[in-house]
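Protein chains in written order, with the working numbering: chain U, 90 to 178; chain C, 726 to 1174.
No lab work stands behind these hints, which were simulated from the structure alone. Beta carbons are placed, not taken as given, at the ideal position from N, Cα and C, and that holds for glycine. Mixed in with the good hints, there may be bad ones.
[What the hints assert, rightly or not] Distance condition first, Cα-Cα at most 25 Å in a straight line; then the derived DSS-like pairs of lysine-lysine: (1) K91(U) <-> K986(C); (2) K177(U) <-> K729(C); (3) K107(U) <-> K154(U); (4) K821(C) <-> K773(C).
[Claimed, not checked] Simulated coverage check for chain C against chain U, where a stretch passes if three residues somewhere in it have a Cβ under 8 Å from a Cβ of chain U: (5) 733-743; (6) 790-799; (7) 976-983.
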Amino acid sequence: MKAIISVIGEDRLGVIAKVSGKLFEMQINIEDISQTIMQNYFTMIMMVDTSKSKLPFNEMASQLKTLGEEIGMDIRIQSESIFNAMHKI
Amino acid sequence: MLSKDEIFETINMISSQHLDVRTITMGISLLDCIGNTTKETCDKVYDKITSKAKNLVKVGNDIQNEFGVPIVNKRISVTPISLITAKTGNSIDVAKTLDKCADEVGVDFIGGYSALVQKGMTCFEREFLQTIPQALAQTNKLCSSVNVASTKTGINMDAVKMMGEIIKETSYLTREQGSIGCAKFVVFANAVEDNPFMAGAFHGVGEADTVINVGVSGPGVVKVALEQVKDGDLTVVAETVKKVAYKITRVGQLVAQEASKRLNANFGIIDLSLAPTPVMGDSVAHILEEMGLECVGAYGTTACLALLNDAVKKGGIMASSHVGGLSGAFIPVSEDIGMINAVNKGCLKLEKLEAMTAICSVGLDMVAVGGDTPAEVLSAMIADECAIGVVNNKTTAVRVIPVYGKNSGSVNFGGLLGTAPIMPINTVSPAKFISRGGRIPAPVWANKN
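Chain C on its own, in the form it takes in the complex (with noise of 0.2 Å):
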């Protein structure tokens, strides 16, 4: 029998704590859809995902209603589009398709215009690479993905130079909404194949047909938890957060069993990353301050963020029959009040960010940037990003958005996207380095066999 006070904690979860279910994400296969001319593969994809996810959105919102639980994004994934179109090119075309797709079926974001080149490309890959830029400025909800290194094959430096020329083009293509192009392109390193989150989504081709992954969040919880000990040292916090992670991802295992059931999909993952919002109550780094920070970005910012990595993926591991996905706490500035606040304080830079990229999920994440910082520099910064993901074996990723025009203030995105201050960052040159090209070898731990 439920108790009132289990009913209660639960109800104050969802109406003043900020728990949702931050994404629904169906992965669908597009193997089967290569056609032998372009207009051929873009019937096949349409026609597959108007059928495949066409009571995604109906599912996740009775869902909602019969749970009570917030359910924001419904989205979907797919296999990377440039394995769809090795054939024909064109990946434009197959572009506006996937984004006309997500339109027809009321998603919020598609994702899978996507290229895994750790190791090397193939000429198809590259022309398809050259093509993201205007996939970006051309569509509304497509997002894209590289993956240009990886623990196992080391990092593709061709793949990392062509990265920072394309974030420049995208920033140049989409200057009108302030760059915002960037803010839906994502450089890997160690992607996952079966993460629920945007910008970096994409069906894995191990995957099955059709995959529900769902991705919780819910850091207004775990503040509010903290606060209830604020004496406590830091092993009662670790358990503190453990407790909780566990309950919000109960209610994430829940919604991805209905979801594939109702669906007829498998059952993919659950996500356990803590993915805050722009708003007030729902930020990761008002959970650090909790801890003891003055502000996010002091010394002792790495630690924190290291026991709540940790402790989030402890409690969540129980709760779900299958865990994956990215899972960990999420830093993406300006999706998250108090990292912008910090950032616009002068207590949280650029060097620090990076450090904390070391210990959680993902990256340099919805970092803005003068709009005339060097390609090269840019570059250089993913380059290493993937240093970090591939010698501690762990994802990493930059999503870094030049602003056209604009070298200080802010920028704002709108809706989950938030509002992106301009962080300074160091330009001395690494164009010698970025121009040698070839691949960094992968580390010594990378031969286990």
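The shape of chain U in the complex, shown without the other chains (with noise of 0.2 Å):
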């Protein structure tokens, strides 16, 4: 499944190093990644497709749901077909 995952929260030291490790650690490939400081709030948003990971989706939202807590950022994952069906007629 393609899915996106935004990070949102307070800059700090080593975001995208934990982030992106969790993600080596599922299997869950980055497709593309973009980050900007928006009303001094850290956020990072990737797109990323999950079907090598061998984990059910409820699984890889709550260890990055817990992987958030760990480093105080807000960290989720939701299907990108949100997105699209939102944005795109």
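Two chains, two frames, a set of hints: combine them into the complex.
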């Protein structure tokens, strides 16, 4: 499944390293990545492919949420289809 | 390729503007569950519902996790029970079975303890209607509705008279819980057969065996979008609402398609209603105030609501392959923090609410009144709403709660049902009018053939 991971929170050292390390561990492939500072918040968006991962989607979401709590960021993973449905005709 | 702004817009709608899918409602036909005895009927009903809806809650939760959008309720609607028990009677037993099914599969509500008597009543329907107060008092998740009028048939005033009495009895029987039974009972004119919202959902006889209907929500998203066009004229306001409604509805369409595929059911409709909740930032009243009213209830409220209701439909219709249900802005008083505040301030009165029901969906909804309101006054309120629906060819409804033992203050129902301030009403007697009975004929333009 193509999915979007969003990471939002206060800027701090090593966020990309921690998140991408977790994705590697879960065998989730990063296809595109962008980051910026919006209203003092670090925001990172990753487009990923989860098809190689053996974990169920719920498990991926829960592991990312836990990592987010550890590093003080809000991390969520959502199927790309909700974004396409809303923004593409 | 999605842009960063688009992705953030979606995430913000969900995380800070309360965008949610209010309900995935599975409609299940019970026409093949009519048995020779009450026990046989109950067994068949239990088997069918618990097998068809076995995975409803799980699928709803899976979709919620995958798309990251909250799905607040999972519900079931069934064929009007008055038809299922026509042969055997004992409808209360079926009511309890339905409640048990709802618990078993874990849904929030089950609707369809209903009868369609817009033109006349059979003996078994009369008997069924009289069981409604007990059915609501003896169950937790069961919802009931009765259609008493339609544009094609006019208004069945014998049924309207009974409705006032049924509401009073339900109020008494559930007096220990603030007369909550009345919050689960709605009287309709022009009821629709594919409504996913409670308390009025039932599965029409013209429907397929198992159908998924989805109700979207998102007043908070509309409000935030309007905050960005503070200086725009009303054409800009309407265009802004349309665009947001399109986006909200696309989410509903996606969820409905996925849910029907995974549950092996037909995709029915998307209901485009903007449904509020009692939390801050999820209010239809606040949208109207954002348009420029000091407080909802002011002159201009009906016009603002008309604009909102129309723009939501125009935006939503292109976003979904099948639109149906009630589809319009809801104005339930107790479920909308802006409405509650306006009532408490004395700005919003029942007369204005009645005017608002002429141009939105659905009607006088979640309105608490004094417990000593006479049955004929309740019936007359229903008759007025029916007249608005019948003449304007739209659905109207009354969900009114005479709070037993209370004539002022407020009553808290908890959860999505919210807190209802008890509203003052005009109690000048319509008793003679209601006691006449009979039928108010269909309007002239009902004869279109």
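Results of checking the hints against the structure:
{"no.": "1", "hint": "K91(U) <-> K986(C)", "verdict": "holds (19 Å)"}
{"no.": "2", "hint": "K177(U) <-> K729(C)", "verdict": "holds (14 Å)"}
{"no.": "3", "hint": "K107(U) <-> K154(U)", "verdict": "holds (13 Å)"}
{"no.": "4", "hint": "K821(C) <-> K773(C)", "verdict": "holds (15 Å)"}
{"no.": "5", "hint": "733-743", "verdict": "holds (count 5)"}
{"no.": "6", "hint": "790-799", "verdict": "holds (count 5)"}
{"no.": "7", "hint": "976-983", "verdict": "holds (count 3)"}
Consistency with the previously given hints is maintained throughout, with no hint failing.
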